[in-house]
Amino acid sequence: MIVHFEPASEEGIASVVRSAAAERVTLAIVGGGTRAGLGNPVRTDRTLSTRRLSGIVTYNPAEMTMSALAGTPLAEVEAALRAKGQMLSFEPMDHRPIFATSGEPTIGGVFAANVSGPRRYVAGAARDSLLGVRFVNGAGDLIKAGGRVMKNVTGLDLVKLMAGSYGTLGILTEVTFKVLPIPPAAATVVVSGLNDAEAAAAMAETMAQPVEASGAAHLPESVRGRFLDGALPYGAATVLRLEGLADSVDLRVEKLSAALSRFGPVSRLDAEATRLLWVEIRDVKPYVDGTRRPLWRVSVAPSAGHQLVAALRLQTGVDAFYDWQGGLVWLRMEADAEAQLVRRYVGALGGGHASLVRAGDDVRASVPAFEPQTPAVAQLTERIRARFDPARIFNPGRMAAGA
Amino acid sequence: MPEMIGFLKPRQAVLDRRQEIVADLKDLLPKGCLISEERELKPFETDAFLAYRRLPLAVALPETTEQVAAVLKYCSRYGVPVVPRGAGTSLSGGAIPQEDAVVIGLSKMSRILDIDLFNRTATVQAGVTNLNISEAVSADGFFYAPDPSSQLACTIGGNIGMNSGGAHCLKYGVTTNNLLGVKMVLFDGTVIELGGKALDAAGYDLLGLVCGSEGQLGIVTEATVRLIAKPEGARPVLFGFASSEAAGACVADVIGAGIIPVAIEFMDKPAIEICEAFAHAGYPLDVEALLIVEVEGSEAEMDAMLQRIIDVARRHGVTKIRECQSALEAALIWKGRKSAFGATGRIADYICMDGTVPLSQLSHVLRKTGEIVAGYGLRVANVFHAGDGNMHPLILYNINDPEDAARAEAAGNDILKLCVDAGGCLTGEHGVGIEKRDLMLHQYSRTDLGQQMAARAAFDPEWILNPSKVFPLEGRPAA
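As given, the protein sequences belong to chains A and B, one line each in that order. For the first sequence, this note's numbering assigns the number 1 to the initial residue and increments by one for each residue that follows. For the second sequence, this note's numbering assigns the number 1 to the initial residue and increments by one for each residue that follows.
Derived from the structure by calculation, the hints contain no laboratory data. Note that the coordinates shown come from a computational prediction; the quantities given were computed from them, not determined experimentally. Ideal placement from N, C-alpha and C gives every residue a C-beta, glycine not left out. Please note that a few of the clues may not be correct.
Below, simulated SDA-like cross-link-like pairs (lysine to any residue); rule was C-alpha separation at most 25 angstroms, straight line [claimed, not checked]: (1) B:K171 x A:A62; (2) B:K171 x B:R314; (3) B:K108 x B:I192; (4) B:K230 x A:F263; (5) B:K171 x A:G132; (6) B:K417 x A:V57; (7) A:K255 x B:A304; (8) A:K84 x B:S360; (9) B:K269 x B:D414; (10) B:K230 x A:D250; (11) A:K255 x B:A300; (12) B:K171 x A:T58; (13) A:K84 x B:V312; (14) B:K171 x A:I182; (15) B:K73 x A:E382; (16) B:K230 x A:A204; (17) B:K417 x B:E371; (18) A:K255 x B:L306; (19) A:K255 x B:R308; (20) B:K230 x A:S257; (21) B:K171 x A:D247; (22) A:K84 x B:G423; (23) B:K417 x A:A62; (24) B:K269 x B:R407; (25) B:K335 x B:F278; (26) A:K84 x B:A304; (27) B:K171 x A:P181; (28) B:K171 x A:V253; (29) B:K171 x A:D250; (30) B:K230 x A:S214; (31) B:K73 x A:A386; (32) A:K144 x B:M440; (33) A:K144 x B:E474; (34) A:K144 x B:P472.
To give a feel for the contact side, a few chain A residues facing chain B, derived at Cβ under 7 angstroms [to be verified]: (35) G85; (36) R127; (37) K144; (38) V149; (39) K151; (40) T154.
Please build the complete structure, drawing on both the sequences and the hints.
Here's what the structure looks like:
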């Protein structure tokens, strides 16, 4: 039976870590456990959950910052923000639908996995909103990094290092992050019937317009019907989100619609449909299919996304849709994960990285979840890991064979 | 003046081998790329933190990444400290060398390598100036957002070293939020690439760690940055107040009301007078404090946002509102603000603080700053990025009067401690350098700093790179 710890204080966590380090027993670090499928499978002696380290510590809307203990449910954070008209700008994806997990995602887990959504390509990732952290390193020391102000270059930015380190460098105990006002109005411009290459051009054109689009996705005909219960107009849908003051959104919808009319028929979604659509894009609705068919999350230059999919289609069965102006490609393989093929094409198209988000156990056991690093970068990674968690007790193997 | 900030003792073994090192480095570099004559080394002895200077052993001005790698490989092999340098505009002494160090200047690496408008990226060599990037894409309707006041001179390599900010960061973020990738050389000459045109690389966020590391983790030779479509229009508006406190409270309320202009800059009366005398920007001279608020978008959008800001400002007793009527006027308003440090330098010597405080503390910290400086018998001018709480009190003094200088430095230290105690930090955008190095323990515990130094050691185990900076000299791990 796996021993499970749920300390209710930073000191409690530090004490579990110190004894684990002394005994050289490994710890799986979990928050709500809803994203346990991210990264490589981990086998550990014990589990340490931050679930009981919960609660909003400070929230000052006028300063646009919040501090919360790592185990605070994301839902609690978002509800408190919404009550003051604010939000997390990076709109973190909810992984429960694609992983068929239950439970409550925690704010610590969001930052530990650097989870972002559609707005990421203009507003930054979770790591860009993170201002300060407290964490327990592998020696059981409590470390503070960053702070609670927007601009801070005092010392090395360990905050960025902790974001997206999947609990392999330390256990986050408290996070302080920047928040933004919820835009009072939102709309989506839909261009219908474009092929993937035309859509990439339309999205690039959108980003060259002074309309501050906060979402640019392309939903090919194969997935269109899965969004908004099939309410999107017929044909592939290239969708562009505009947010801001109501008058401003109206003006920008007009301006953008005029600029995009040469690509295809243009229509508009209202605020409620916009809200729903971008949640569905965020949570990868088309591939919430109750299967464990391999699902890749590929990040490339926006111009390369559709080229990647076109190249793969000649070789294997694949379905895809695009976010981040085409630079984020969600690929669902019909059968095999085709890791070598996917990663070879990503490399050939200018580079990027393919993460295996979902697959059967046998595939996950043999395919590295994250894009392998060059030897020099892998060595740096190793040296950093060794200086945060010398006994290698946190989530061993979660990110790479060594880390 | 007596030096209050110490440097590492030069390594005698390195000094003794000076001639040999110079000869070896000459062999590694093209003709004219190594400087070793004292007269020619002079311009490299300090940066914009003028109170301290050290003549370096030599200055290397490589033209390629491979040459940077060759010099670093040599220096690490023989234990020669290396100080990276962009344009030398650091306000915290980040580029000040030491007697046993080789400066690696990136000024010859000033080519723009790739402009990719489809993907909205620019890839440039580290010695390209900040403004050059925006100028290169301006005609196509794009810009590079971070805009430090020294943007005409400062380089992107230096911006990455310091994670530079600027006036327009309130909306667009600082360097780290706009940097997509780098090519860099590690201490032993290994060349690595981090990030690129694809977002959020796999693995640890090494790019995020490198940005703002003050040249301690390696030398960046190329950078890929994000470009943004220019807004249709932008309009700075001047708001005058009868007190600094009223202006400070107005800033907090504008942000609190969910309005995020592109920039909110603050000047107090002494700063207004200094800048107006220099730039003739039309700043009102009959107010105690001035906010420059910039809104952007179409005419209708700017009008709408401005109206909301005016409503808030009225609640705080704004005494003067001036909208500029032309692009020329707007340019003058920004020229005055961005020349603030230079203009101050015309009337007195100054040291510039850079603490950031939570917005709710702005008024309190402004008042206490005035009291601290007055307590030392000195004058202060405040000009800073108010929207993100990044303060820049300029303490005026006479550099030729040792007692005056010591008082200015002491006042500065008190102000930075005040910022930390108010929930803020020592430096928002200028970096720690040597200037704030010895105050680090006021913000961090020894354990916190130990973890930062451990991360540093993962990149530079021998402490070759910019070794006198950022971390207090005592309490360092033995090399």
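Going down the list of hints, with the structure as the test:
For the given pair, K171 (chain B) sits about 16 angstroms from A62 (chain A) by alpha-carbon distance, which is consistent with the 25 angstroms threshold. Taking the CA atoms of K171 (chain B) and R314 (chain B), the gap is about 23 angstroms. The hint holds against a cut of 25 angstroms. For the hint linking K108 (chain B) to I192 (chain B), the alpha-carbon distance of about 20 angstroms falls within 25 angstroms, and the restraint holds. Using a Cα cut-off of 25 angstroms, the hinted pair K230 (chain B) and F263 (chain A) holds, with the two alpha carbons roughly 23 angstroms apart.
For the given pair, K171 (chain B) sits about 20 angstroms from G132 (chain A) by alpha-carbon distance, which is consistent with the 25 angstroms threshold. Taking the CA atoms of K417 (chain B) and V57 (chain A), the gap is near 24 angstroms; set against the 25 angstroms cutoff, the hint holds. Proximity of K255 (chain A) to A304 (chain B) is assessed by CA-CA distance (about 18 angstroms); at most 25 angstroms being required, the pair is judged to hold. Distance restraint check for K84 (chain A) and S360 (chain B): the Cα-Cα separation of roughly 17 angstroms lies within the 25 angstroms cut-off, and the hinted pair is therefore satisfied.
Our distance criterion of 25 angstroms between C-alpha atoms is met by K269 (chain B) and D414 (chain B), whose separation comes to about 22 angstroms. Of the supplied pair hints, the one linking K230 (chain B) and D250 (chain A) holds, its CA atoms being roughly 19 angstroms apart against a limit of 25 angstroms. Restraint check: the Cα-Cα separation between K255 (chain A) and A300 (chain B) comes to about 13 angstroms, which is no more than 25 angstroms; the hinted pair holds. Simply put, K171 (chain B) and T58 (chain A) have alpha-carbon atoms about 23 angstroms apart, close enough for the 25 angstroms limit, and the pair holds.
The straight-line distance between the Cα atoms of K84 (chain A) and V312 (chain B) is roughly 18 angstroms, inside the 25 angstroms bound, and the hint therefore holds. At most 25 angstroms may separate the alpha-carbon atoms for a hinted pair to count; K171 (chain B) and I182 (chain A) meet this at roughly 15 angstroms. For the hint linking K73 (chain B) to E382 (chain A), the alpha-carbon distance of about 21 angstroms falls within 25 angstroms, and the restraint holds. With a C-alpha separation of about 14 angstroms, the suggested pair K230 (chain B) and A204 (chain A) falls inside the 25 angstroms cut-off, and the hint holds.
Simply put, K417 (chain B) and E371 (chain B) have alpha-carbon atoms about 14 angstroms apart, close enough for the 25 angstroms limit, and the pair holds. At roughly 22 angstroms between alpha-carbon atoms, K255 (chain A) and L306 (chain B) fall within 25 angstroms of each other, so this suggested pair holds. At most 25 angstroms may separate the alpha-carbon atoms for a hinted pair to count; K255 (chain A) and R308 (chain B) meet this at roughly 24 angstroms. Taken as a hint, the K230 (chain B) and S257 (chain A) pair is honoured in the structure, with Cα atoms around 19 angstroms apart against an allowance of 25 angstroms.
Taking the CA atoms of K171 (chain B) and D247 (chain A), the gap is about 20 angstroms. The hint holds against a cut of 25 angstroms. Straight-line distance between C-alpha atoms of K84 (chain A) and G423 (chain B) comes to about 22 angstroms, which keeps the hinted pair within the 25 angstroms bound. Between K417 (chain B) and A62 (chain A) the alpha-carbon distance is near 23 angstroms, which keeps this suggested pair within the 25 angstroms criterion. Annotation: proposed proximity of K269 (chain B) to R407 (chain B) holds, straight-line Cα distance about 22 angstroms (limit 25 angstroms).
For the hint linking K335 (chain B) to F278 (chain B), the alpha-carbon distance of about 9 angstroms falls within 25 angstroms, and the restraint holds. Restraint check: the Cα-Cα separation between K84 (chain A) and A304 (chain B) comes to about 22 angstroms, which is no more than 25 angstroms; the hinted pair holds. Note on K171 (chain B) and P181 (chain A): the hinted pairing holds, with a Cα-Cα distance of about 12 angstroms set against a maximum of 25 angstroms. Distance hint between K171 (chain B) and V253 (chain A) is fulfilled; the C-alpha atoms sit about 21 angstroms from each other, no more than 25 angstroms.
Only pairs whose Cα atoms come within 25 angstroms are accepted, and K171 (chain B) paired with D250 (chain A) is accepted, the gap being roughly 21 angstroms. Taking the CA atoms of K230 (chain B) and S214 (chain A), the gap is near 15 angstroms; set against the 25 angstroms cutoff, the hint holds. Our distance criterion of 25 angstroms between C-alpha atoms is met by K73 (chain B) and A386 (chain A), whose separation comes to about 24 angstroms. As the CA atoms of K144 (chain A) and M440 (chain B) are separated by approximately 13 angstroms, the hinted pair is consistent with the 25 angstroms bound.
Note on K144 (chain A) and E474 (chain B): the hinted pairing holds, with a Cα-Cα distance of about 20 angstroms set against a maximum of 25 angstroms. The suggested pairing of K144 (chain A) with P472 (chain B) holds, with an alpha-carbon distance near 17 angstroms, which does not exceed 25 angstroms. For G85 (chain A), the suggested interface contact is upheld, since its CB lies about 6 angstroms from the closest CB of chain B, less than 7 angstroms. Because the beta carbon of R127 (chain A) sits about 6 angstroms from the nearest beta carbon in chain B, less than 7 angstroms, this interface hint is met.
The restraint placing K144 (chain A) at the interface with chain B holds, with a minimum CB-CB distance near 5 angstroms, inside the 7 angstroms limit. With a least beta-carbon distance of about 4 angstroms to chain B, the hint placing V149 (chain A) at the interface is held under the 7 angstroms criterion. Look at K151 (chain A): its Cβ gets to within about 4 angstroms of chain B, closer than 7 angstroms, so that hint holds up. Given hint, T154 (chain A) at the interface with chain B, holds; its Cβ is 5 angstroms from that chain's nearest Cβ, closer than 7 angstroms.
Checked against the numbered hints above, the structure violates none of them.
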